[in-house]
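**Student:** Sequence:
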Amino acid sequence: MIRVGLTGGIAAGKSTVAARLAQDGARVVDYDRLSHEVIAPGGPGVRSVLERFGADCGDGHGGVDRSALAARVFGGPTADKDRRDLDEIIHPLVYDLAAKAEQPWLEGSEVVVHDVPLLTEVGSAIPFHFDRVLLVEAPSQVRIARMVNQRHMTTSQAVERIGSQTNSSARRAQADLLVDGSQPIEQMFESVDRIYKELKALAKGSSHRD
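The letter at position 125 of the sequence shown is residue 125 when you use the numbering used here, and the numbering goes up by one with no holes.
Bear in mind the hints are in silico, worked out from the structure with no lab data behind them.
It should be emphasised that the depicted structure is a prediction, and the values quoted were computed from it without experimental measurement.
Glycine included, C-beta positions come from ideal geometry on N, C-alpha and C.
No incorrect hints appear here.
Derived DEER-like restraints, expressed as beta-carbon distance ranges: (1) Ser-140 to Pro-41: 33 to 41 Å; (2) Arg-47 to Arg-84: 14 to 22 Å; (3) Glu-107 to Arg-151: 33 to 41 Å; (4) Asp-176 to Ala-71: 31 to 39 Å.
Subject to a maximum C-alpha distance of 30 Å in a straight line, what follows is the list of computed DSS-like cross-link-like pairs (lysine-lysine): (5) Lys-100 to Lys-197; (6) Lys-100 to Lys-200; (7) Lys-100 to Lys-204.
Taking the hints into account, I'd like the entire structure generated from these sequences.
**Tutor:** As structure tokens, this is what we get:
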């Protein structure tokens, strides 16, 4: 098997690429979904998050209200520190779930994709080695338009979210493979399909060496 880190700035098209890779046959570990599980009712991070950020961030059903939490960590006067504190709670729990999720796929010639929105930001803190890093990028104006039109954010909120992430040059420095998330969907799929074939060939070669 080979392990691939998939990343990209918010609204760059990463989720579309992840879905296409899954259709092609990749095994995808979705960190956004895992982070939601961590703070869902009964999740392992609920208590720590509410202790740190207050009961008003609860959803009334034993979980965390993600909208209330986002307003705090992206828009409050102590947003940078709040995000760091939240990451310290959430990330280790997500990594534990990711390790369990990929366990059935560690043998053989699987292409295992870790869909990690903040891969560049977490750096060496993530406890996985990635054989390849695949980056999905799109111009800021395209991403802002998507957030406004598809996620119903204001322009200032969209700009704020982009500003909270590492810049594109840092992501590019980490990447081995690149998909242009602003191109027409058919062309994007062609790029993803080609990359998957390359990754699958590498995975088969790795399996034979093992």
